[in-house]
Amino acid sequence: MDRQRVNLDGFAVENAELGLIALRSPYDPEPSVVIEDGRITELDGVPERDFDSIDTFIARHGIDLSVAAEAMALSDVAFARLLTDPAVPRGEIIRLSAGATPAKLTRVLAILKPHELGMAMAKLRSRRTPSNQAHVTNRLDDPLLLAADAATAAAFGFREIETTVPVLDDAPSNAVACLIGAAVASQGVLIQCSVEEAAELELGMRGLTSYAETVSLYGTEQVFTDGDDTPWSKAFLTSAYASRGMKMRVSSGAGAEVLMAGAERKSMLYLEARCVALARAVGAQGVQNGGIDGASVAAAVPNGLRELMAENVMVMMRNLESCSGNDALMSESDMRRTSRTLPIVLAGSDFAFSGFGSIQRYDNMFGPSNFNAEDIDDFLAMQRDWGIDGGLRTVTPERLAGLRREAAQACRAVYGYLGLADFTDEHLARAVDAAGSKDLGETDTLAVLTAAHAIRQRGLTVVDIVTALDECGFPDLAERTVAFVQARLGGDYLQTSAIFDEQLTVLSLVTDPNDYAGPGTGYEPPPARRREIDAIRQARGVEDLRESQARCAAPGLLRRAGAAAQGSDARDVVIGVSPAVGRDVWRCLSGLAVPDVLREILAGLEEEGCVGRIVRFGDTVDLGQIGLAAARLSGSGIGIGLQGKGTALIHRRDLAPLANLELYSVAPTITPELYRLLGANAARHAKGGTPDPARNPYSDEAIEARYHTTVIALMELERRRVDPAAGPETLVLS
Amino acid sequence: MTEVRALSGKAVTELTVEAMRSGEIGVADLRIHPETLKRQAQVAERHANPQLADNLRRAAELTALPDEEVLAIYDALRPGRSTAAELAALAGSLAYRGLPRCAALVAEAAEVYARRGLVAS
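If you read the protein sequences in the order shown, they are chains X and A.
The first sequence: position 679 = 679 (our numbering), numbered continuously.
Offset between the second sequence (1-based) and our numbering: plus 734.
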């Protein structure tokens with residue numbers, strides 16, 4: 001048991017002194033607010049004269065004085081019940097929460113059980129349509145790979161792409177590569193290049209990026225100051241981004257203060273409540289929280305995952321966009337990391353991930369995300385399993401290859417046209433095919449740096465990118481990029497929870513408000529989206545199976561030889577096969593060809609001195625009936641039944657249909673040796689001898705999960721061949 | 735519906751690939767117009783977020799300042815960068831230049847920083 005991967009994770013003893021406590025510390029303040037002469041003179045037990053800078057900013061800008069008394073007078077339980085009561089509309093929660101202090105919201109959310117957090121999230125998120133964000137980075141800052149991977153991310157449905165750099169100066173190059181790559185696959189994908197504020201703002205001002213989120217807030221004054229900011233500098237920065245027309249959200253989350261030994265004995269949820277109140281107060285439209293870099297700190301203590309989800313719900317209560325964490329690998333255990341993410345995906349958030357690693361783990365320069373490229377198929381299956389919209393869709397390998405090629409080509413052309421860098425055909429081919437940067441071989445990383453410097457020093461803007469795209473034979477991409485610039489200037493995407501859909505329509509709190517009010521209401525994937533969610537590439541229907549069986553067909557091996565007669569020889573053993581064998585069904589679930597299986601059975605019979613005879617029974621798909629009919633037709637009175645899927649049994653003419661002598665039931669695991677043994681044992685039964693007991697091979701695999709859909713389709717092929725009037729027909733194996 | 739214009743006054747519909755290729759489009763044509771931000775502030779107000787509205791109104795003011803100055807003010811507001819007097823002077827200057835909301839933010843910072851030891855020594 002110790003070898004299970006979960007035991008690689010760190011688990012901490014709860015310790016309020018260190019801030020290692022999730023929902024409620026004995027040192028958390030009692031919620032309180034005192035208003036005198038139109039100003040807050042006490043906030044959560046602290047009198048105004050003792051306010052630190054965070055208290056002050058929240059008291060002056062973050063609390064709606066007109067509802068504070070009403071909100072604070074509600075008992076914690078009464079408030080908590082409003083969150084899950086479908087009869088209480090979202091707007092009412094928003095109104096009351098605006099008057100609640102950080103300590104109050106902490107107490108309220110600490111009451112909610114996990115499923116209640118899910119109910120609250122479904123009702124309280126701002127945007128009706130859920131969405132998802134991707135991380136697109138690589139160790140080399142390779143532009144062609146970034147472009148190809150941005151195209152991949154956009155093709156999968158991510159509406160925001162966040163990139164960053166291992167080498168700070170590469171930032172402009174990464175922004176350009178992602179901008180081009182994403183545009184190849186979809187219109188309107190928002191791009192972020194996470195670097196320090198000034199550089200990020202500069203990229204935005206040049207139209208190379210379109211949102212920012214790495215604007216960190218902390219829950220204690222000391223840690224905030226250590227982060228070289230104050231609430232006022234962050235408020236100003238928030239306005240600075242908006243002044244350049246950039247969407248922006250702030251970033252916070254449990255564990256940050258603990259890691260810096262600055263939690264001041266407070267619970268993680270309370271410190272985060274201060275951050276979220278501050279986020280609203282500074283005028284940010286949204287928050288990236290739910291742990292983020294400290295997710296594994298929260299996960300190390302009791303109730304940690306509950307705390308992470310409560311952070312997201314708190315953001316929603318403050319009427320802000322939630323970018324719901326899940327962007328840091330919080331466990332070595334696949335089960336634990338799934339358990340961390342699933343409740344949020346099921347409830348639905350503005351962004352289920354504040355960075356799903358759409359690239360390989362090793363290429364994620366933010367560190368591995370909780371879900372990564374390796375997990376996309378799992379995520380798509382989970383969406384489909386639960387019928388929920390996690391923002392992603394299936395992309396065929398062919399489409400992906402085409403998009404990646406176009407993205408890399410467009411990126412190379414732009415870099416070449418603008419004199420930034422030249423890339424070889426081989427480099428391009430490798431980037432298109434690469435799973436990650438390890439597949440690129442040796443690259444010239446200095447060329448990237450040179451390109452980035454040129455972009456910065458020459459002051460290149462999106463205008464230059466558009467010109468280059470148009471000049472280099474990518475007029476559609478140029479038009480698409482221009483349309484995005486135009487759309488952003490309308491400013492609608494500065495509203496809460498705004499994304500662009502693929503038609504460049506803004507979906508936000510304003511244009512696509514969440515209207516969940518209990519069962520039968522709220523977001524449901526529209527029919528086209530439902531089909532996208534359902535149509536994972538692994539799904540197979542009967543016709544798919546018919547085609548794959550047809551590819552194995554070998555009609556010459558199994559010829560029809562007229563009506564089968566009653567046997568009289570005591571050594572005669574009939575092998576009864578199902579209606580589609582030799583017509584539509586040629587390969588068993590084990591992968592063995594049906595003629596090979598028959599050959600083994602015949603050989604087994606022969607070894608024991610009997611003679612096999614193959615007869616197709618066209619009137620039933622039931623193996624017991626087939627086996628019994630075979631036995632009755634046999635001179636020996638012993639028959640073998642074989643379904644096309646490979647299940648086999650030995651029958652005797654005087655038994656009931658559902659009784660049998662031996663059953664080989666787990667068709668996918670039956671080997672040639674077992675079929676031979678089956679034949680030999682049938683012969684021993686015929687001779688009145690003692691059969692060798694056959695043991696069905698044991699397997700710890702999810703056999704049923706693997707084969708049940710195929711079994712259903714195979715049985716349908718068999719059923720379609722049933723003809724109640726068909727008599728037994730002899731088949732000859734050559 | 736109001737026609738959307740860039741900071742330069744150019745209508746966004748004039749931002750075409752051809753215009754970009756002919757060199758007619760500068761950075762001011764890519765930037766958001768203060769009236770757009772004010773209009774969005776009203777929308778935010780109507781959607782129960784007066785703080786977002788305040789932010790967008792401060793942003794509208796900041797469209798008048800060059801990038802370097804915006805970044806310089808941000809830096810001045812970081813902890814320990816400015817004396818209370820310097821912040822007060824900055825607030826005065828912003829108010830004088832027609833950025834009252836930004837001025838108020840800086841003035842408030844001056845007061846709080848002095849009390850919380852966040853001013854330059």
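Some hints here could point you the wrong way.
[Stated by the list, open to error] Derived coverage of chain X by chain A (criterion: at least 3 residues anywhere in the stretch with Cβ under 8 Å from a Cβ of chain A; other residues may be distant):
no. : stretch
1   : 92–101
2   : 204–214
3   : 463–475
It should be emphasised that the hints constitute simulated quantities derived from the structure, not laboratory data.
For glycine and all other residues, C-beta sits at the position ideal for the given N, C-alpha and C.
How the hints compare with the structure:
1. 92–101: The restraint on the stretch 92–101 of chain X holds, since 3 of its residues have a Cβ under 8 Å from chain A and three suffice.
2. 204–214: Satisfied; 3 residues make the cut.
3. 463–475: Since three or more residues must qualify, the claim that chain A covers the stretch 463–475 of chain X holds, with 6 doing so at under 8 Å.
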